[in-house]
Structures are given as structure tokens and as C-alpha cells.
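Colleague: Given the structure of chain A, go ahead and fit chains B, C and D onto it with the hints provided.
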Amino acid sequence: MVKVQHEDFDAGAEIASMRLSRPDIGAVAVFLGQVRDINDGSSVVKLTLEHYPGMTEKALEDIVAQAVKRWHIFDALVIHRVGTLQPMDQVVMVAVVGAHRAAAFDACEFIMDYLKTQAPFWKKELTGSGERWVEARESDNLAKARWDQ
Amino acid sequence: MVKVQHEDFDAGAEIASMRLSRPDIGAVAVFLGQVRDINDGSSVVKLTLEHYPGMTEKALEDIVAQAVKRWHIFDALVIHRVGTLQPMDQVVMVAVVGAHRAAAFDACEFIMDYLKTQAPFWKKELTGSGERWVEARESDNLAKARWDQ
Amino acid sequence: MHLPASAVRSLMLTLMLKLLYFARLREALGVSNEHLVLPANVSDVAGLMAHLAGRGGAWQSQFDGSTLIRAAVNQVLVASSATIQADDEIAFFPPVTGG
Amino acid sequence: MHLPASAVRSLMLTLMLKLLYFARLREALGVSNEHLVLPANVSDVAGLMAHLAGRGGAWQSQFDGSTLIRAAVNQVLVASSATIQADDEIAFFPPVTGG
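Protein chains in written order, with the numbering used here: chain A, 1 to 149; chain B, 1 to 149; chain C, 1 to 99; chain D, 1 to 99.
Derived by calculation from the structure, the hints in this document are not laboratory data.
Since the model is a prediction, treat every value here as computed from it, not as a measurement.
In this text, a Cβ means the ideal position worked out from N, Cα and C, and glycines have one as well.
Hints may be right or wrong, so weigh each one.
Said to hold, decoys possible - Pair by pair, the computed Cβ-Cβ distance ranges are:
1. B/20 / D/80: 45 to 53 Å
2. A/89 / B/61: 30 to 38 Å
3. B/69 / A/48: 36 to 44 Å
So that you can see chain A by itself, here it is in the shape it has in the complex (with noise of 0.2 Å):
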């Protein structure tokens, strides 16, 4: 499932209701990422994710969708909020439940890897020194690349 929201989330409910949701269920990898109050040396005081609304949607179910057909997982939930945040606010959660660790810990990875280099999201930054678009980094590009071989 994918959703995408301004509102915050609740990270233990989610995870909850995903590993409650078959008894077969012995794996849970979650990823959570957060708003740091430094990026590249400036501290940052808010941030604010624009997105491509539709499209969006669209690029996380189809990631979802890879996921699951290349590994032997049971579901995959992903949600990212938009608008503006601030320092340590949850920015995306990525909840994937299965049988055994390794295929969730890959599928999990996997779905991060390429949300960050396929989903229509861009941040923009307001440090102390004023506003800034935050820059794609090649190390994003590298990761989802490994899985491509």
C-alpha cells in the first residue's frame, strides 16, 4: 500500500497493523527517515517536499509492485508526506513483512533505492544562509543501480 500525505504518521501502529496481518508473517524490515538539522555542512531549519501529485502514487505502487514479484515477500507499505517539515519530523516510512529476513531486508533496501531516484519528490531547503533546492546525490544513482545487475 502507498500513501502520500502532509499529515505525520504513526510509526508503531503501521508496523503493528502490517505484522498483525497473517499469522505466517516472521520478518518485518522497516526503514524510517527523518529530517536532520544539518545537510551538506548548513543547518537546516525547515524543509519543505513538493511532488508530483498522481504520478507520484503511480512510481511508488509500481516500485511496491517490482518489489514483491522479485521477492518472496507478503506486502510492502510505503508512505511519504509532502509540504513543509522540520528537524527530526518523519519524512517516509517503508514497512515490508515476509516469511524469513533476507528477502525483506533486500525488498525493503530495494524499494528505498529507488523511491529516492524514481519517485517525483523534491526537497528544498531553508538553512541559516537562506533557500535551497536540495541536489540529486550520485551515491542514490550507485545504489539503485546495484540492483539492476
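Modeller: What follows is chains B, C and D alone, placed relative to chain A:
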């Protein structure tokens, strides 16, 4: 931090406490293991976890220390339950916080792979056809061996 | 041939593209979306980008190839060789930075 | 040489090992722990396992090498070549299955 306990734990509260511990955390990688209602083809009625008090804590603390030394992460938490559990009960949680996701994912998976092969816990299942000790899996040894290369 | 005004309008509509611009690109252009009649000589994303660069100014500097721009056709990421046709929704934006 | 009983007791204590058995092994032996005077000819884990196998019965079948047994000395996993000395806490158990 390491906790070995009979009682259940609040995964959401533990994750929140980890992620809010410092403002430069950007990534939280979590693994949650729970009792499956089926294992090796038999239905599981309950699961009893035996451990080696004293050594268990020492082994887990050593694994966490190795992870903190090997990856650029800020902290790691391991909670492992002992005693008698039922299907869908939480067994283990590992939460790793750091600046970026790659190190957090790797450290979390490393801790689980080492825990599975190095920490003195033993599982006994009560199945429809009686009690049995869970056999160690060669796949867990292979998973651990990846990190030794 | 003589067409009634309503038929001309309907014909025009079927030749329209919807264009969307996001993030840094949206700010540089000062436009978030527009409707454009599919130019006669444009059949792929690269051709549309060349057409937009021809507007000059910020359009030229953003679409002349010196700036990294991604494109999506009908909400799917595509390469610049992707074909486009009337009624498509085409979005241009900088490399994404979510997560 | 003549030692008082209290000195003999104290000497004995310093030569003691604490042995622990867990899980399937504990059940097979019917013992979870014992204190053992360090046998004179035993200096490593393998030697201690051979000594325990010499007790016969379940001890023999568990410690004769036919069953996979892990050992810890003073709560640290070790290989069977690890040396042991008086006062050590030595644990034997099957491969672990936590997580």
C-alpha cells in the same frame, strides 16, 4: 543498548525513542521478528526461548559494538525476548540510527545475522505433533559469513 | 473545406499537450503548467524540449541540454527518445530528491 | 606435609570448573550445571569434552564428536582448541537458534 526480557515491548515507542535521540539522525533501519504459526511445514502452537543469562547480554553487546565500529552509525538497540511465546508474538527487534540509510541497513542486517549465529538462544517449538528443538539453519551461517569477507 | 467553430475547437483539443513543470525548473520558468498545441514537427520528448528551448531566455537555458532535466509522459518516467502524441500529459523536472 | 581441612577445601575450590549445559544437550544429559574439579590431564575444551564422553551413556553420545556441540569459556564462544583453567565457567550447547 541491549535488553533481554520476558515481557513484550512497544516497538513504536522504542523506535521513537531511538530516532528522537539526536537531531542529525536521518535514517532508522529496523528489523522486527515475530513467531510464525508455521515452521518447516508444521503448525506452531507455542515457542519457548531458552538462553544463557549473562552470556546472552555480553554476546549481544559485543555484536552491537562491532556494528558501531564497522559502520558510520550513531547507535543500535537490540531487544530479545525469552520464555514462552505464541504465534504473532514479537521475538526480537533491532533498531539502528545513523545519518544515512546504507550504513543503517547494513548494520541492522549484520546485527541480525550475528545474533542468529552467535547469541546463546535456543528455540523449542510445540507443534501439533509434539515438542521439538528448532534446528540451526545453514542459511544463517552463510548469511553471517558474508560479513567476514 | 468548411468546418463549424465547434468542430475546430474539438479538433484543437485533440491536438493539445498538457505540460507540467516542477521544483527548481518550475521556479526558473515561472510556470507550473500550460496547455500547448502539439507542434507539427515534434514527435518525441527531445523534439519538444528543443521546441521549448526555442522560446529563448530561461526556456533556452533550461532546455538546451546544459541542465539535467527528467521527463515523464503520462506520469511515467521516460527517456528523451520517448514518442509523444496529442493528449499526452508531459512533465519536466530536475532529478528527484525524495526519501 | 600436613594441611588443615580448610586449606584443602580452599585449594580444591581454586581447581574447580563450573560447567553449564543448555537446550537439547541439557535435556539429553539431564543436568543443567555442575561443579567439576579440573581433571589433571585436561588443558583445553577438546580435552574436557573427551573427559565428559568418558562418563559413558548419554555423555558419550553427546561428547564423542558425533553431535555438533558449541562451547563457551567464561561466556565467550570458543573453538575446541581453547585452553581452560581452574575457575573457568564452561558452557556446552547446540548451535544457537535465536532471533
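Colleague: Confirm or reject each hint.
Modeller: Against the structure, the hints:
no. : hint                    : result
1   : B/20 / D/80: 45 to 53 Å : 46 Å, holds
2   : A/89 / B/61: 30 to 38 Å : 32 Å, holds
3   : B/69 / A/48: 36 to 44 Å : 37 Å, holds
Hint violations for this structure: none, all hints satisfied.
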